[in-house]
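Engineer: Sequence:
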Amino acid sequence: MPLFLLLTCLSTTVTLVSPAVLDPCSAYISLNEPWRNTDHQFDESQNQPLCDNHMNGEWYRFTGMAGDAMPTFCIPENHCGTHAPVWLNGSHPLEEDGIVQRQACASFKGNCCLWNATVEVKACPRGYYVYRLARPSVCFHVYCGHFYDICDEDCHGNCLDTTECACSPGTSLGPDGQTCFDENECEHNNGGCSEICVNLKNSHRCACGLGRVLRSDGKTCEDIEGCHNNNGGCSHSCLGSEKGYQCECPRGLVLSEDNHTCQVPVLCKSSAIEVSVPRELVGGLELFLTNTSCRGVSNGTHVNIVFSLKTCGTVVDVVNDKIVASNIVTGLPKQTPGSSGDIIIRTSKLLIPVTCKFPRLYTISEGYVPNLRNAPLEIRSRNHGIFPFTLEIFKDHEFEEPYRETLPTLKLRDSLYFGIEPLVHVSGLESLVESCFATPTAKMDEILKYYLIQDGCVSDDSVKQYSSRDHLAKHFQAPVFKFVGKDHKEVFLHCRVLVCGVLDERSRCAQGCHRRVRREVGEDEDSAELQSQTLTGGPIAIDWED
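Read in order, the letters of the sequence shown correspond to residues -19 to -1, 1 to 527 in mature numbering (1 follows the signal peptide of the UniProt record, and there is no 0).
No lab work stands behind these hints, which were simulated from the structure alone.
Below, computed lysine to any residue pairings styled on SDA-like, alpha-carbon distance capped at 25 Å:
| # | residue 1 | residue 2 |
| --- | --- | --- |
| 1 | K90 | E255 |
| 2 | K303 | N272 |
| 3 | K90 | N210 |
| 4 | K291 | A491 |
| 5 | K250 | T371 |
Kindly produce the complete structure, drawing on both the sequences and the hints.
Structural biologist: Now the structure itself:
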């Protein structure tokens, strides 16, 4: 294994120029490994599947034996040196298009786009392409390269007979005047398909969603009427009834949200991810995660694997409005019979992708109660968002010891030290406190509110922000205050927190303080706008106990 890793590193050539300064056409990393090519079929009996988890949003170019460019058609699984090859679901751009975004799909279990991500592509002046490739959220994924057909005659420049360089049906001439690139028929009227269009090499095919099948015309879909047709679209058992049919799962598996596919139960928590695989499914296999030192433990009926967001090779990434934690459970035959009595195996390999999704945006609250006799303020309660933050009140500016059991007594003009603390410390993520405001009640849509932070900017000059070693933690100091009026005996803080990837230079977190241009509106309109933002932005309901 150490030798294999060394060979992989030697086959990658790095152009040592900062991509932030120069055009990516001259500042890229070359991918020239032969196993990346679509012609390379993966043989698990000879090699371990590869994974592009070392990629981190840099610009890449396919060269050498890896191919000319990414394939723009579906690649079957077990190609490009891995189980789930990644292809470009969209046509390559022209040079005048500049940098464009395209969907990258990973093929697995007969699904050409079981996973997908967004990549960036640019056509370069000398007829090649560069790609900004993100780290895959799941192993085993590899970005594929492909050798496209070359015309016999070079028609770049003066060419009297253009038919000499005509490309075959389903392809078109590339910007270098020689290479015939695959045409993505699905980009034009969805390939004539009523539902799903899958681009293939020099062709395409239509497909239907779960519970539906293609009609004889090969383009339109119809509902499956019963279990006799394609097993009702069920991944396992299909049971017919007078009212129709329903899918059922073997013992230990659960029906997914699509009501057709059976899956292994996965429990997603901020502190740990728990996977429970039925023993009948495992047989004589030994289960382990991406980091093979993390292995399953049998309790007689199930093989359980428990791991955190920081261990066992778990990949944590930000995808759209979610924080996605991914790993893969692999099962291989045991070398010797185990104590559980397994002496036979029914499959040579088991692959179970595991994905947990958490929201990026959180609204968390804290409050304190004033003592009207001597005008002190007492911290009253502590509330948590589900993941991954809690709003803490600290004892001093060191932000190391929060108030837990005993309630502090704070007087007006004292300092209030509060902070956003992650429940789980995960590298590669950072946070932005978009807003923090105070209300006299626990309701976030209270008309009377006072902003400490707004649009990522400190809106009260008396608020001071402290630096933190953790990109997810944020610490602040503010003078203790209360709302005017004898009936206002409580003060609550509400903060909206957004999570981003640390290396995403274009994320909202990277922008920091970014004041919006506001129209001159009345106070009622402003309040309504803030209420709408809070309701849509905060997926966590905060409950307070008086």
